[in-house]
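There are 2 protein chains.
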Amino acid sequence: MLLIGNELLSGRTRESNLHYIAEYLGAKGIRVAEARVIPDIHQRIADTVNEVRKKHDYIFTTGGIGPTHDDITAESIALAFDLPLVENETIANRIKTRTPRDSTLTNRLRMARVPQGASLIENLTGGPQGFYLENVYVMAGIPSVLRAMLPTIDIASCAPLHSCSLEVALGESHIARQLDEVQRQFPMLEVGSYPFVRDGQIGTSVVFRGTEIEQLSAAFDTTRQVLLRLGARPTSETFDWDTS
Amino acid sequence: MLLIGNELLSGRTRESNLHYIAEYLGAKGIRVAEARVIPDIHQRIADTVNEVRKKHDYIFTTGGIGPTHDDITAESIALAFDLPLVENETIANRIKTRTPRDSTLTNRLRMARVPQGASLIENLTGGPQGFYLENVYVMAGIPSVLRAMLPTIDIASCAPLHSCSLEVALGESHIARQLDEVQRQFPMLEVGSYPFVRDGQIGTSVVFRGTEIEQLSAAFDTTRQVLLRLGARPTSETFDWDTS
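Residue numbers (the working numbering), protein chains in the order written: chain A, 1 to 244; chain B, 1 to 244.
Be aware that a few hints might be false.
Which copy? The list can't say, so a pair holds if one copy fits it or any two copies do.
Claimed, not checked - As a list, the in silico SDA-like pairs of lysine to any residue whose alpha-carbon atoms are at most 20 Å apart:
#1 54 to 44
#2 54 to 43
#3 28 to 11
#4 54 to 232
#5 96 to 170
#6 96 to 177
Think of the hints as simulated: they come from the structure by calculation, not from any bench. Keep in mind that this is a model prediction, so the values were computed, not measured.
Full structure from sequences and hints, please.
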């Protein structure tokens, strides 16, 4: 994921799309390999796109596709692919049908410019249109618009990732060795340990992630038994076997 | 900034340190050039550190310095610098004074391991200790701990960045050309345009950022006059001249 925008790096705007997209893709069995937050600088965007599009199956970008001078993502993607920026007729016609023919139209037509050969990403909210070129999907930064665009993209699903977790009222240091053993016993799973403080009480959330529900169940039960032997009992247990 | 942790890429945890650190550094005149969210994989962390530490003045990392098997940031930084991971006596002594001498101590002492030659980052909360090596600052991922660590780091201040902004109840498309002209007139400033919807009404927030207050004031006044001529008046004006 490439999260594009000066406002994300200046502290003006709190980035909030990574979390949403990660959950959305996780349900399709797709792991986010990395995310980068980068500024609105043509060459930086282009270089980053060219670096990552060869390394990963999908690249999703957010931000910079509006009508103002600081919306430079389309230009930068064209630069990355060394393609001319052209007016997409479909997008231009949509903009024309809903805009009065004054100076606003000229500004809005900036949003119809895409790298030559790019395909449309639908946006039923009526805002800017996204586009994709090879494996690079260019979307809006405004969360509500992004959320409308995502489901219109045809993304191949993989074996879905499942997770389960348990919480215990013990600090990480008390269960670190035991969790290490569980991780070694189940190398195909990802065992995460996340400390928290709630009502002044330290606790640990242990999260198991993987594609095989049987393995997840076994790792969960093993950890549960280990904790009971330590004299602690889980204060919360969660299973996310949803395969939708 | 390197934000390290599988949980940030899986959607389990909402990343929240970037925003805080960006504001903190902005007040010192330091711009965040880029941020990367990467998983808990030794080689990925090491390679990323080695790529970015040559490009930027400071590298700040968050996450992965706790006592469990999935806390691998210290090991990964040692790998990046090709240095052995050693027990830091200062950190080890602090851990020993506040831990009972049972198996918990062994687990906690994992947090005393730093790359040889690293210096301590103070943590008055009593949690894990951070460290730095050359220009790489390794901090906790837990927001409260991170916030305690940051002010203890001696970061040179630059000419502070200031900002001002105004909001207007007009969509971006209505003022795009005018903003483009303002940006051209004030090339040393960063003029950002951010659409919003509030109470069903579309609006635009225009943000000016730069080091020179006179220029910011001039750009602000110019934009204000332009908007008044368009028949709109700013609905909100903000000046952040704070030089602390």
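Do the hints match the structure? See the list:
no., hint, in the structure
1, 54 to 44, "both (16 Å within a copy, 16 Å between copies)"
2, 54 to 43, "both (17 Å within a copy, 19 Å between copies)"
3, 28 to 11, "between (31 Å within a copy, 13 Å between copies)"
4, 54 to 232, "neither (48 Å within a copy, 47 Å between copies)"
5, 96 to 170, "between (61 Å within a copy, 19 Å between copies)"
6, 96 to 177, "between (64 Å within a copy, 18 Å between copies)"
The structure shown violates just one earlier hint, number 4.
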